[in-house]
Structures are given as structure tokens and as C-alpha cells.
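Colleague: Sequence:
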Amino acid sequence: METSAKRGSLAALLCSLFIGACAPSVPATVSLRVKGNAPDASVTIDDMYIGALAFVAKRGVALPPGKHRITVEKPGFFPWDKLVEAREGDPPIHLDVGLVKIPD
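The sequence shown runs -23 to -1, 1 to 81 under mature numbering (1 follows the signal peptide of the UniProt record, and there is no 0).
List of simulated lysine-lysine pairs, DSBU-like, C-alpha gap at most 30 Å:
no., residue 1, residue 2
1, K35, K51
2, K44, K12
3, K51, K12
4, K59, K44
5, K59, K12
6, K78, K59
7, K35, K12
8, K51, K78
9, K44, K78
10, K78, K12
11, K35, K78
12, K35, K59
Restraint ranges, calculated between C-beta atoms of paired labels, are given here:
no., residue 1, residue 2, range
13, R46, P16, 16 to 24 Å
14, K78, A31, 12 to 20 Å
15, K78, P42, 33 to 41 Å
16, A5, P52, 32 to 40 Å
17, A39, P80, 36 to 44 Å
Read the hints as simulated data drawn from the structure, not as lab findings.
Where is the CB? At the ideal position from N, CA and C, for every residue including glycine.
Work out the full structure, taking the sequences as your base and the hints as a guide.
Modeller: Written as C-alpha cells, this is what we have:
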């Protein structure tokens, strides 16, 4: 009985190691941190709405590797736009957005 139990334990261990090795790897991301002077401004990344600036500032965004266009807009202000490149292993990207009011 002991040999059978040992074989079962060994088989379970080998199976878990094999499955773990074959599991898809999680893609590396780079943390994007944005703050600014208009918490209710809209943040888009690569033309995809992410949320209000206050929300994005609090939570951050995980960017996959590659080039990304970050846009922050609010009615009555000039849009703010920046192209960033995220590379695997990079430290967090910090952006400080200063929206400028459109003169009357």
C-alpha cells in the first residue's frame, strides 16, 4: 500500500510540474501612473476610453509592451497627448498632465 501511495504522490507532483510548465505565461506589463490638474478629464489609451483622470490616477494602468498614445481631454481645455513606449522590465511610467484652459 505504501508503494502505491508514494507512486500516486509522485505522479501528482510530476503532473502539477508538467501542467505548470505548459501553462501560458502572463505577458509582462509596465505600470502607467498618470496625475493631473483636471480629475474629471477623460483618459484614453490607443483610442480606447479608460476612465476619468482621478480613477486612472488612483488605480494606474498596466500597459503591454509597445508604443501607446495617451490622451487626456476635457471640454474647455486643449487636449493633452503623449506617445509612450513600454518595454518589458521598464520601471513605471509617470505622467503629469497639465491641461490648459482654452481662452474665451
